[in-house]
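*Asks:* Each chain, written out:
Number of protein chains: 2
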Amino acid sequence: MSEKKLTVAVLGATGAVGRRILDQLQQSTIPYGTVRALASAKSAGEKVPFGHEVLTVEEATASSFEGVDLVLASAGGSVSKNLAPAAVKAGAVVIDNSSYWRMDNNVPLVVPEVNPEALLHHKGIIANPNCSTTQLVMALKPIHDRFGLDQVIISTYQAASGAGQAAIDEVKAEAQARLNGQSMAEHAKILPVKSDKKHYPLAFNLLPQIDVFEDGDYTHEEYKMIHETKKILLDDKDSREMKVTGTAVRVPVIIGHGESVYVQTGDEQATVADIRQLMVDFPGVVLEDDVAHQVYPQPVEAEGKRETFVGRIRADLENPGAFHLWIVSDNLLKGAAWNTVEIAEKMVEMNLL
Amino acid sequence: MSEKKLTVAVLGATGAVGRRILDQLQQSTIPYGTVRALASAKSAGEKVPFGHEVLTVEEATASSFEGVDLVLASAGGSVSKNLAPAAVKAGAVVIDNSSYWRMDNNVPLVVPEVNPEALLHHKGIIANPNCSTTQLVMALKPIHDRFGLDQVIISTYQAASGAGQAAIDEVKAEAQARLNGQSMAEHAKILPVKSDKKHYPLAFNLLPQIDVFEDGDYTHEEYKMIHETKKILLDDKDSREMKVTGTAVRVPVIIGHGESVYVQTGDEQATVADIRQLMVDFPGVVLEDDVAHQVYPQPVEAEGKRETFVGRIRADLENPGAFHLWIVSDNLLKGAAWNTVEIAEKMVEMNLL
Numbered sequence: 001m002s003e004k005k006l007t008v009a010v011l012g013a014t015g016a017v018g019r020r021i022l023d024q025l026q027q028s029t030i031p032y033g034t035v036r037a038l039a040s041a042k043s044a045g046e047k048v049p050f051g052h053e054v055l056t057v058e059e060a061t062a063s064s065f066e067g068v069d070l071v072l073a074s075a076g077g078s079v080s081k082n083l084a085p086a087a088v089k090a091g092a093v094v095i096d097n098s099s100y101w102r103m104d105n106n107v108p109l110v111v112p113e114v115n116p117e118a119l120l121h122h123k124g125i126i127a128n129p130n131c132s133t134t135q136l137v138m139a140l141k142p143i144h145d146r147f148g149l150d151q152v153i154i155s156t157y158q159a160a161s162g163a164g165q166a167a168i169d170e171v172k173a174e175a176q177a178r179l180n181g182q183s184m185a186e187h188a189k190i191l192p193v194k195s196d197k198k199h200y201p202l203a204f205n206l207l208p209q210i211d212v213f214e215d216g217d218y219t220h221e222e223y224k225m226i227h228e229t230k231k232i233l234l235d236d237k238d239s240r241e242m243k244v245t246g247t248a249v250r251v252p253v254i255i256g257h258g259e260s261v262y263v264q265t266g267d268e269q270a271t272v273a274d275i276r277q278l279m280v281d282f283p284g285v286v287l288e289d290d291v292a293h294q295v296y297p298q299p300v301e302a303e304g305k306r307e308t309f310v311g312r313i314r315a316d317l318e319n320p321g322a323f324h325l326w327i328v329s330d331n332l333l334k335g336a337a338w339n340t341v342e343i344a345e346k347m348v349e350m351n352l353l
Numbered sequence: 001m002s003e004k005k006l007t008v009a010v011l012g013a014t015g016a017v018g019r020r021i022l023d024q025l026q027q028s029t030i031p032y033g034t035v036r037a038l039a040s041a042k043s044a045g046e047k048v049p050f051g052h053e054v055l056t057v058e059e060a061t062a063s064s065f066e067g068v069d070l071v072l073a074s075a076g077g078s079v080s081k082n083l084a085p086a087a088v089k090a091g092a093v094v095i096d097n098s099s100y101w102r103m104d105n106n107v108p109l110v111v112p113e114v115n116p117e118a119l120l121h122h123k124g125i126i127a128n129p130n131c132s133t134t135q136l137v138m139a140l141k142p143i144h145d146r147f148g149l150d151q152v153i154i155s156t157y158q159a160a161s162g163a164g165q166a167a168i169d170e171v172k173a174e175a176q177a178r179l180n181g182q183s184m185a186e187h188a189k190i191l192p193v194k195s196d197k198k199h200y201p202l203a204f205n206l207l208p209q210i211d212v213f214e215d216g217d218y219t220h221e222e223y224k225m226i227h228e229t230k231k232i233l234l235d236d237k238d239s240r241e242m243k244v245t246g247t248a249v250r251v252p253v254i255i256g257h258g259e260s261v262y263v264q265t266g267d268e269q270a271t272v273a274d275i276r277q278l279m280v281d282f283p284g285v286v287l288e289d290d291v292a293h294q295v296y297p298q299p300v301e302a303e304g305k306r307e308t309f310v311g312r313i314r315a316d317l318e319n320p321g322a323f324h325l326w327i328v329s330d331n332l333l334k335g336a337a338w339n340t341v342e343i344a345e346k347m348v349e350m351n352l353l
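Chains U and G supply the protein sequences, listed in that same order.
For the record, in the first sequence the residue sitting at position 119 is 119 according to full-length UniProt numbering, with numbers rising by one throughout.
For the record, in the second sequence the residue sitting at position 200 is 200 according to full-length UniProt numbering, with numbers rising by one throughout.
Because the hints were derived from the structure by calculation, they are not lab data.
All of these numbers come straight from a predicted model, not from anything done at the bench.
Misleading hints may appear alongside valid ones.
Identical copies go unnamed one by one, so any copy, or any two together, can satisfy a pair.
For lysine-lysine, the following DSBU-like pairs were computed, each having C-alpha atoms within a straight-line distance of at most 35 Å [to be verified]:
(1) K89 with K189
(2) K197 with K5
(3) K194 with K305
(4) K230 with K194
(5) K172 with K5
(6) K81 with K243
(7) K346 with K198
(8) K172 with K194
(9) K172 with K123
(10) K42 with K230
(11) K198 with K123
(12) K172 with K198
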């Protein structure tokens, strides 16, 4: 373990994830000394809580990182693109929540329980996976290692908070409008995608679009889930050894993503009991699968928790070795802030910080 | 076409589906004469609208069906079990929304666009499929006929109204409580399953339980979807020719079920363009699949419409001949009331009424 106190900068400290990074950092085993809150010029001067202290937000610029050992970043792709190299040049390690660096061959994409060894080869920037990927690979990893995975098919049920605080406010305003018998349409300004042309209400609705559309009519979110899952689980980068596909849907939940996942393992002898035991044994995963007592993962129960919850495990009755899983986790914690801080904890433990 | 005026009884006329059956009947091409509203003793004397008229609800008993030609029933399994045979004995044809008769070998299970020929062999009772099945087979039928279907994997996103008006009221009360910063728990009395032991809030949540749990930890809803889909699509009842499996999830939507469906066709040469054309050509299906203009099916847009909407059609990039579909329909109309009335329209057209 490193003995020095680390100077930590939280970049994007005023956002829904940034505030939670400060919370998680404060509760972590990381030996932090000075903690600085950085954000855009617009937010400079704002106050953000850090345990019982209050930090004053400073504007983030390329010269903000002098003397900083660790940057925990959640400020969007373009900010990370510009500032992460400056922070690395100043001697810091950057753990980044944006999608910008994730598929870069020189950047490890890490879930600490799943592929900590990837941290050994870092070159200053470590990427935190997309929220829908993180909880998915937590459940897939032990199955992949024990039985192999031939195919994974995912349908997501993703919460509004994945699009930030403004999306949370929007879905609440829409819900109140409909409960009052008023139109929801005027409140729809952010979802499904702020930068896209049309906006639709999410309250009491389902939006099968998360992020922009790309080749083959898949969304960027769907591609992130596919490519990041392969990068994390496949050592040799041979994507052909495990097929991954899926559909990403935004649902009117505030916090907590659900995923209905179908896995075809490589072993026709694998049983539901085997899969359940793998979940029990895997750190960070909690098995919630006792249907006789109506126990199964639910977003409102996962809110505020660090773990990934797995239940509704069933064998496909016609396809040996294939199973259904229902995976739920707090998308702002394991899907973002906690995984980021947990990477730093792991790097301290591995003497990489 | 039959020329006589049909005496029609709507059984369960006070429920969310029953009221919509009256609406759909009033707007239909069925040559109805007298229309009677039947329900439990508790509701006798209540008034229900029928177009510009008002009907007075009568108590439904075994002797209610004298002179009735057609019974449109949506009153639950135990009522249908008891009263449908009495109605048939009195000379009526019964089109039933409950699950009780659906898998009976002597009862056709019918979606008029999909398998009208099954009506030819009816023995008085015709079953209307479960809501999640109906919209599914609307999209699957043309694919099955053209390319064959080796496997179908479904994840549902089902609206509260599938559990009746009380469930709609419950999810609205929960949503208002959470928006007010109050606990949702006290409002949870019906969902996920009224007769089961525990009840959980659905507002801003996801409940991976619809109906009770059965063998292999599948829910009754999941089995209904699997078995009914096979009964409707497979002429020879050989279930091995098409594997069907899935997960049913209740979502905080009022009206309109979503389904994320993965199909492995029997033809590796099938293309997205082929699947889209099949949807355009199939009666009752509307293709909503123009992602460049953010056009895709949404429950709030499907509400009040009779059609089944299909979009987000994509090829699995690693598995030739496999596709994703996103299917949305009003679960109270095509999933229930409209399909029931449409069966009767089709029977009139086929001179079976």
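*Asks:* Compare the structure with each hint and give your call.
*Replies:* Here's how the hints hold up against the structure:
no.: 1; hint: K89 with K189; in the structure: neither (38 Å within a copy, 58 Å between copies)
no.: 2; hint: K197 with K5; in the structure: neither (47 Å within a copy, 52 Å between copies)
no.: 3; hint: K194 with K305; in the structure: both (28 Å within a copy, 29 Å between copies)
no.: 4; hint: K230 with K194; in the structure: within (28 Å within a copy, 42 Å between copies)
no.: 5; hint: K172 with K5; in the structure: neither (42 Å within a copy, 51 Å between copies)
no.: 6; hint: K81 with K243; in the structure: within (30 Å within a copy, 46 Å between copies)
no.: 7; hint: K346 with K198; in the structure: neither (42 Å within a copy, 40 Å between copies)
no.: 8; hint: K172 with K194; in the structure: both (17 Å within a copy, 27 Å between copies)
no.: 9; hint: K172 with K123; in the structure: neither (42 Å within a copy, 51 Å between copies)
no.: 10; hint: K42 with K230; in the structure: neither (38 Å within a copy, 59 Å between copies)
no.: 11; hint: K198 with K123; in the structure: neither (40 Å within a copy, 51 Å between copies)
no.: 12; hint: K172 with K198; in the structure: both (19 Å within a copy, 27 Å between copies)
Hints 1, 2, 5, 7, 9, 10, 11, counting from the list given before, are not met by this structure.
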